[in-house]
Amino acid sequence: MEAIMPSINQFELSRRNLLISSAATLAATTVAGDATAQSTGDLMTQASTLSLKVNGQVRDLDVDNRTTLLDALREHLHLTGTKKGCDHGQCGACTVLVDGRRINSCLSLAVMHDGEAVTTIEGLGQPGALHPMQAAFVKHDGFQCGYCTPGQICSSVAVLEEIKANIPSHVTGDLNAQTLLSEAEIRERMSGNICRCGAYSNIVEAIVEVAGTKS
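Using this note's numbering, the first residue of the sequence shown is number 51, and each one after it goes up by one.
Be careful, since some hints might not be right.
Stated by the list, open to error - Result set (EDC-like, lysine to aspartate or glutamate): computed pairs, CA atoms no more than 20 Å apart in a straight line:
#: 1; residue 1: Lys103; residue 2: Asp114
#: 2; residue 1: Lys189; residue 2: Glu233
#: 3; residue 1: Lys214; residue 2: Glu125
#: 4; residue 1: Lys134; residue 2: Asp121
#: 5; residue 1: Lys214; residue 2: Glu259
#: 6; residue 1: Lys214; residue 2: Asp164
#: 7; residue 1: Lys214; residue 2: Glu172
#: 8; residue 1: Lys103; residue 2: Asp149
#: 9; residue 1: Lys214; residue 2: Asp121
#: 10; residue 1: Lys214; residue 2: Glu238
#: 11; residue 1: Lys103; residue 2: Glu125
#: 12; residue 1: Lys214; residue 2: Glu233
#: 13; residue 1: Lys103; residue 2: Asp191
#: 14; residue 1: Lys134; residue 2: Asp114
None of these hints come from the bench; they were simulated from the model. All of these numbers come straight from a predicted model, not from anything done at the bench.
Modelling step: build the complete structure from the supplied sequences, incorporating the hints.
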């Protein structure tokens with residue numbers, strides 16, 4: 051049986067329909083993509099009003115929803131004691147206490163903490179009325195350049211509270227027993243706070259002294 055070949059006109063018609071269909075699909079996708087991008091953009095650029103209790107004082111803020119807690123503290127409230135280090139949550143220089151728990155403020159949006167209590171290094175103590183941990187860092191020379199020190203001190207204060215609350219770490223030997231203060235526990239719990247000057251042994255000594263004073 052002789053095969054019936056499509057005519058040239060049939061080929062042209064199919065090609066024309068394909069091009070028209072492809073162009074229509076591309077246009078629809080582009081329009082939908084633009085609408086989605088516009089919607090997402092509008093959402094991301096919205097501002098929010100929030101209230102934070104910072105160092106015991108209620109502070110009301112109007113911030114872009116993308117503003118980190120770190121930038122809200124430094125740029126909006128001018129509490130520059132909290133430092134911006136890596137801005138990726140890897141160095142711990144931006145550590146603050148939120149409702150008593152330490153967090154990397156560079157990784158957390160300010161709008162996530164509406165109504166919560168934030169304590170920065172300024173709220174722990176001031177010249178002439180130092181927090182025991184601040185005084186211990188001075189006594190044991192727990193800093194050199196001092197850039198990471200605010201985060202180190204905030205983290206140190208939280209570490210002692212964690213041990214007191216019997217919250218285990220990766221080096222806790224017995225999860226069913228009271229967590230004991232040890233150099234291994236301190237070093238493990240402080241491992242997220244980097245000191246590029248290498249004052250780690252002095253930092254541990256400061257924490258041990260404050261822990262001993264509390265006990």
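Against which earlier hints does the structure fall short, listed by number upward?
3, 6, 7, 9, 13
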